[in-house]
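Peer 1: Chains A, B, C and D, in that order, are what the protein sequence lines are.
At position 34 of the first sequence (counting the first as 1) the number is 15 in our numbering, and the numbers step up by one without a gap.
At position 224 of the second sequence (counting the first as 1) the number is 428 in our numbering, and the numbers step up by one without a gap.
At position 124 of the third sequence (counting the first as 1) the number is 125 in our numbering, and the numbers step up by one without a gap.
At position 117 of the fourth sequence (counting the first as 1) the number is 133 in our numbering, and the numbers step up by one without a gap.
Calculated from the structure, these hints are not laboratory results.
Values in this document were obtained by computation on a predicted structure and should not be read as measured data.
It is possible that some hints are incorrect.
[What the hints assert, rightly or not] Listing some non-contacts, in silico: residues in chain C with all C-beta distances to chain D over 10 Å:
id, residue
1, Lys9
2, Arg108
3, Ala111
[Said to hold, decoys possible] Straight-line distance between alpha carbons at most 30 Å, and here's what the computed DSBU-like set of lysine-lysine pairs gives:
id, chain 1, residue 1, chain 2, residue 2
4, A, Lys566, A, Lys552
5, A, Lys566, A, Lys549
6, A, Lys566, A, Lys102
7, A, Lys475, A, Lys507
8, A, Lys475, C, Lys23
9, D, Lys22, C, Lys23
10, C, Lys9, B, Lys390
11, C, Lys3, A, Lys468
[Stated by the list, open to error] Under 10 Å between C-beta atoms, here's a sample of chain C residues computed to sit facing chain A:
id, residue
12, Gly8
13, Arg15
14, Arg22
15, Ile74
16, Ala75
Positions of the beta carbon are idealized from the N, C-alpha and C atoms, including for glycine.
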Amino acid sequence: MEVFEADIAVVGAGGAGLRAAIAAAETDPALKIALISKVYPMRSHTVAAEGGSAGVVQAHDSLDHHFNDTVGGGDWLCEQDVVEYFVAQCTEEMVQLEHWGCPWSRKPDGHINVRAFGGMKIERTWFAADKTGFHMLHTLFQTSIKYPSIQRFDEFFCVDLVVEDGRVQGVVVIETATGQFTLIKAKSVIIATGGAGRVFRENTNGGIVTGDGMAMAYRHGVPLRDMEFVQYHPTCMPGTGLLFTEACRGEGGLLLNKDGYRYLQDYGLGPAEDKPRNKAMELGPRDRLSQAFWYEQQKGRTIEGPHGSVVHLDLRHLGEAYLRERLPQIYELAEEFLGVDPAKTPIPVRPAVHYTMGGILVDGNCAAPLAGLYAAGECSSVGIHGANRLGSNSLAELCVFGKVAGIEAAKYAKSVAPGNTASLLKQAADAQKQAEQLVIRSDGTERIATLRKEMAQTMEDGCGIYRLGDSMQATCNKIDELKQRFKNVNVEDKSSVWNTDWLLAIELGYQLDVAQAMAYSAINRKESRGAHQRLDGFEARDDINFLKHSQAHYAGDGMPRIDYGEVKITKSQPGTRAYGAAGEKAEQERKQASHV
Amino acid sequence: MVLPARRQNRKESRPAMSEIEKTIPIEVLRYRPEQDTEPVLQTFQVPFTDDMSVLQGLQYIKDYLDGSLSFRWSCRMAICGSCGMMVNGIPSLSCKTFLSDYYPAGLRIEALAHFPIERDLVIVMDDFIEKLESIKPYIIPKTPRALSEGEYLQTPAERDVYEQFSSCINCMLCYAACPQYGLNSKFVGPGIMALLHRYNMDSRDGGAEQRMELVHSEDGVFNCTAVGYCSEVCPKHVDPGNAVNINKTESAKDYFLRFVMPKGSNSGAAK
Amino acid sequence: MKPRAIGKRRPYVRPMAGWWRKNPYFVEYMIHEGSAFFVAAYALVLLVGLLRLSQGEAAWNGWLFALHSPLSIAGHLLLLAAMLYHAWTWFNIMPITLPPIFVAGKRLSASAITAGGVAATVLASVILLLVVWRLTS
Amino acid sequence: MSANLKRSNAPIFWLLFGAGGMLSALLGPMLVFITGIAIPLGLILSPDAMSYAHMQAFAHHWLGAGFVWVIVSLFLWHAGHRIFHSLHDIGIHAGTTAKLICYGIPLVATIVAARAALVSLT
Ligand SMILES: Cc1cc2nc3c(=O)[nH]c(=O)nc-3n(C[C@H](O)[C@H](O)[C@H](O)COP(=O)(O)OP(=O)(O)OC[C@H]3O[C@@H](n4cnc5c(N)ncnc54)[C@H](O)[C@@H]3O)c2cc1C
Ligand code: SF4
Ligand code: F3S
Ligand code: FES
Chain A
-18 MEVFEADIAV VGAGGAGLRA AIAAAETDPA LKIALISKVY PMRSHTVAAE
32 GGSAGVVQAH DSLDHHFNDT VGGGDWLCEQ DVVEYFVAQC TEEMVQLEHW
82 GCPWSRKPDG HINVRAFGGM KIERTWFAAD KTGFHMLHTL FQTSIKYPSI
132 QRFDEFFCVD LVVEDGRVQG VVVIETATGQ FTLIKAKSVI IATGGAGRVF
182 RENTNGGIVT GDGMAMAYRH GVPLRDMEFV QYHPTCMPGT GLLFTEACRG
232 EGGLLLNKDG YRYLQDYGLG PAEDKPRNKA MELGPRDRLS QAFWYEQQKG
282 RTIEGPHGSV VHLDLRHLGE AYLRERLPQI YELAEEFLGV DPAKTPIPVR
332 PAVHYTMGGI LVDGNCAAPL AGLYAAGECS SVGIHGANRL GSNSLAELCV
382 FGKVAGIEAA KYAKSVAPGN TASLLKQAAD AQKQAEQLVI RSDGTERIAT
432 LRKEMAQTME DGCGIYRLGD SMQATCNKID ELKQRFKNVN VEDKSSVWNT
482 DWLLAIELGY QLDVAQAMAY SAINRKESRG AHQRLDGFEA RDDINFLKHS
532 QAHYAGDGMP RIDYGEVKIT KSQPGTRAYG AAGEKAEQER KQASHV
Chain B
205 MVLPARRQNR KESRPAMSEI EKTIPIEVLR YRPEQDTEPV LQTFQVPFTD
255 DMSVLQGLQY IKDYLDGSLS FRWSCRMAIC GSCGMMVNGI PSLSCKTFLS
305 DYYPAGLRIE ALAHFPIERD LVIVMDDFIE KLESIKPYII PKTPRALSEG
355 EYLQTPAERD VYEQFSSCIN CMLCYAACPQ YGLNSKFVGP GIMALLHRYN
405 MDSRDGGAEQ RMELVHSEDG VFNCTAVGYC SEVCPKHVDP GNAVNINKTE
455 SAKDYFLRFV MPKGSNSGAA K
Chain C
2 MKPRAIGKRR PYVRPMAGWW RKNPYFVEYM IHEGSAFFVA AYALVLLVGL
52 LRLSQGEAAW NGWLFALHSP LSIAGHLLLL AAMLYHAWTW FNIMPITLPP
102 IFVAGKRLSA SAITAGGVAA TVLASVILLL VVWRLTS
Chain D
17 MSANLKRSNA PIFWLLFGAG GMLSALLGPM LVFITGIAIP LGLILSPDAM
67 SYAHMQAFAH HWLGAGFVWV IVSLFLWHAG HRIFHSLHDI GIHAGTTAKL
117 ICYGIPLVAT IVAARAALVS LT
């Protein structure tokens, strides 16, 4: 096996991984950084983010407002000290991206422009038309080319971490083009492999979003935190799940049921005014909007389409010219994929899985409990999203915590000596054997696609917008069963060059582990909070028993062990999560209460 | 309490044939370097619904008919740039090309033209990446600015000048469309020129002179004969052919004016 | 980027032979490139005329006479068609060759640029005809 | 990438090609019509428009002589450059030979036309 000696290995070259690699390279140009990605960096799913990235800029805004929106939006399951750090860093990171060339949309005077976003009290979402993630990713990727110490491993698939002496010391990768294995030795490893939305059926995620890094860390004993919190985005394309960004509503889009009625006013988000007000109606948080859809569907007030029930996202009143300027990609998506001209016809939408709030447990320095291991981006749980992420906080997170992870991993790498190559190689050889076993065996009977579809369906059935004990139990059982059946998986393709069948099988293994952590974390949380809503007697939030982070621990073939960790509260005591007029009233009361 | 019965058309693990009325023949150019000496066509009968993309057709083949078919894809929404292929000879993003447009005659899918085939529909894109890396695709500040000074000011009009060229998703359809690249792969080519031009046109950038060396060179823009098909197939309206051809004028100006105006007189960027 | 290992790879390079026959767009391209032969032919006709003119009246009249032959007229009709085709394709590709033109903050469309080129040809032709007419009547 | 950063000399030929292309697009059709169709057939213009006397007067002025010289040479530079590339396009890499022919003819023609024009001028 080939061995590559690096100081830092970054697994994942999406927004978080690239930002981390750049930060590490800037910390000390002498450090050798291996940047590994199973796809070329610009294919990473950050590319699909449309709406924008948060950072306080307006005079009447403040870090406190951003903090309160984030913590309240997360139903108080946030690490408040980390959120404080986060909101304080966002703007500088956005400016940094600007200096690196990100084509942010501008105001006529040349300053950057911001737009409204769901759950945010004041406009603070930086945007580059509706291709924000695309521009951020390309800016970061192209900027990373400037640093000679970053050695990219494009289209190298990571299959395992190597851990020795209680610390992580490298990763094992497959070169997709050849099927050959390489051990990348590193003194610290940053995981930035993105989310896991693909374990669900209808989702907004790209095919590569399969939770690989989460599963790798998990299998090495690192807990996955808050995995039951999976965000449904309320406005997605029926069938494919492709996203119509929240910016559609930020720009003034309306949600209508089959009677043309703005139904959100019936769910505590009103009153309905002509223009959506921040934190009200269409600009409520995603969990609430998706839940409202569910109720409308129950009441038979949705529209039946070929891919299930839909409501209408109405942009007509914004006019073609404005839509083409602010939401050009949305315009094209609607035209090309649905044959709908959004200036003339409302767009049919329904909720789909969008974001994994939980992930690899890390502290405010992005350090995991395993020495030398760091994580950043959607794969991590650094603690800012709590039970529900606010739109535009994730792209900002990639930058803020990508940078932290890069700096911290660089520091750590300088503090330890390189490991013993021989024994690391032995571990790598084991990992290779295990991965190759999938291809070598010829007696497998289970189709990859069948297992994958059954997994995605059962996750939707049991861990959807609303959850029940019985159906979650059924999902847990089903995932256990699928894990058993996976042992009998059949990889049809036996070749070495670009064997995607093989890689899909490995990904499926990762997905099953992550799905299991989600399902078991969900069934154990006997309350409703944020994106985790139950209808079986646990409809209320229970701060006494569950103002806690769940932590799923890997247990091989058995069911994961779930325990709980404390939530750090600094300045915001848990309150009622209210939006619309009720939200404004609640805020008034909180203010008065704090004055006396 | 029970959750509502799922939608009527809930998909079983394999779509029931009754749900899918039509079948379309898809011819795929296969090349497995470990077993084929040269590419061969293979035909699959794929059941489809009207909203299915060509990419979904290929996924159907991989999932149910032949797991060994390899192709790149990810976002399914025409933004990641992975899924470029020749569909009936035309460079296309397979995720935004729809099967129903080829019914009933069927369609032929091949790997992107002008690139070496690695395997099936996967091409070797090293050349494109090396070119991308070679053009300094990052801001070389005209006037350096500290983060504490905030953002550079850039008016919407200044942004418009380069915005279109910054929308390139690196899908390489334009390379598959450009015969001059096919004939001479040293030619810098349309997509990379769009990117280069994007930086040169950015009001924050002062590195144009460093990048122009490649533009002026024998591998530069004068390999282009203004075929224009690159811009025709570009799925993001980048108009890469425009970037190439504007730079012919720029390069020609420089070719003659360099005798009049010595180097470095109008740009401070050092080599 | 890390250079790729070879392993069992055997990248297949497809031949380019006959590429221009495989796509109607390229066929059209080759045809409009072919208009160059007609431009050259006409330039040679003129060159001969110029030479003849410099050789005196008899030589010139010989050339002029040749222009009157039906064969020459037919040939010039063909040349005219080719020239028109050349002009059309030239302006058709012009949007790609010009820097973006903004009029009142909006980018001039490709068809507007092409139309502008065609209009310029019409105008230039009328002027040329008028000048010739003035000079010779 | 081992980019060949040697400066290309193409701008010279490209400019001549472009100028000739533009000129032939703007004036080509009408010129063909006038000299090859209208005058021989006596359409619109008088049939003796190109009589020796007329033409002598025309070519005697530097504007007239220059006009013909520019048309002839630029048209040929345009055509030569295009044909050279087309040969490359269809896979004929005749190299120096093709280059000599495609650029040699325009060059010779430019000189010959200049001489003829000068003779007519005087
Ligand atoms: C459609 C859509 C729209 C969104 N819009 C917004 C928005 O407007 N605002 C906002 O704040 N957030 C938005 N989000 C969320 C946000 O974009 C994501 O959370 C974020 O981009 C994730 O970035 P990342 O760097 O963590 O991961 P990714 O960008 O997904 O990158 C993961 C990387 O890991 C690599 N990788 C994974 N597994 C392996 C492996 N086994 N071996 C090697 N490499 C591996 C991949 O190749 C990739 O490079 C959106 C998300 C989606 C899906
Ligand atoms: S210019 Fe257009 S066709 Fe070429 S790579 Fe970029 S997006 Fe693709
Ligand atoms: S197709 Fe090729 S030849 Fe030029 S205009 Fe486009 S680069
Ligand atoms: S799959 Fe991303 S562009 Fe088609």
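Peer 1: Would you mind marking each hint as holding or not holding in the structure?
Peer 2: Now for the hints, and whether the structure bears them out:
no. : hint                : verdict
1   : Lys9                : holds (25 Å)
2   : Arg108              : holds (22 Å)
3   : Ala111              : holds (16 Å)
4   : A:Lys566 - A:Lys552 : holds (20 Å)
5   : A:Lys566 - A:Lys549 : holds (26 Å)
6   : A:Lys566 - A:Lys102 : holds (14 Å)
7   : A:Lys475 - A:Lys507 : violated (46 Å)
8   : A:Lys475 - C:Lys23  : violated (35 Å)
9   : D:Lys22 - C:Lys23   : violated (34 Å)
10  : C:Lys9 - B:Lys390   : holds (26 Å)
11  : C:Lys3 - A:Lys468   : violated (34 Å)
12  : Gly8                : holds (3 Å)
13  : Arg15               : violated (17 Å)
14  : Arg22               : violated (31 Å)
15  : Ile74               : violated (52 Å)
16  : Ala75               : violated (50 Å)
Checked against the numbered hints given earlier, the structure breaks hints 7, 8, 9, 11, 13, 14, 15 and 16 and satisfies all the rest.
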